[in-house]
Amino acid sequence: DVKVTQSSRYLVKRTGEKVFLECVQDMDHENMFWYRQDPGLGLRLIYFSYDVKMKEKGDIPEGYSVSREKKERFSLILESASTNQTSMYLCASSSSLETQYFGPGTRLLVL
Amino acid sequence: GENVEQHPSTLSVQEGDSAVIKCTYSDSASNYFPWYKQELGKGPQLIIDIRSNVGEKKDQRIAVTLNKTAKHFSLHITETQPEDSAVYFCAASKGSGGSNYKLTFGKGTLLTVNP
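Respectively, the protein sequence lines represent chains A and B.
Counting from 1, one number per residue, gives the positions in the first sequence under this note's numbering.
Counting from 1, one number per residue, gives the positions in the second sequence under this note's numbering.
Hints were generated in silico from the structure; no laboratory data involved.
Derived, one-sided and incomplete: chain B residues facing chain A with beta-carbon distance under 10 Å:
| no. | residue |
| --- | --- |
| 1 | Tyr-32 |
| 2 | Asp-49 |
| 3 | Ala-91 |
We treat Cβ as the ideally placed atom computed from N, Cα and C, and that holds for glycine.
Chain A on its own, in the form it takes in the complex:
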């Protein structure tokens, strides 16, 4: 079974802090994605990567950056957390067969 793990289920941070969300997949997938999920807005793509060291902006990249130094790991970085970044963050991975497999999510609260 494909397994996508995220470093934390719940996270509480202060405004202005630098926040790292880590995602690891164990299926040698080329593609990895970061989404945020908010009530009534569905899943919105922040960034994705279709190869190591390759990244592409999604629909809402402002305030975020990403890092993919190894194929299995994709990190989402909030350079200076703000209260409007309080959300559920979901990581996903896929191979060339398109199906995206999601992790359990990280619920981030920025105070």
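Place chain B on chain A using the hints.
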């Protein structure tokens, strides 16, 4: 870019009834349409998908239909059970190749199956 509209946002049915969720998409180049189910406290899980060369696909109580001309696709759940209660998302992408893997999601449908 692609835009996916999903209706209804909430749906309540009695156990044993059928449930239908509909989605429309805007980009005629989209050719891959998955459906995800998200249970409380979990990440979304793929339940069924369809590609543009197929008009309908079934998997036990779940079926998906696609009308490329009208640019809409639907999820059909028959003989609903309480464990079908969840949020369902439709999505669309242009399929394989670099940034074409990007999925655009609908806003979700909260399905409640009443015993």
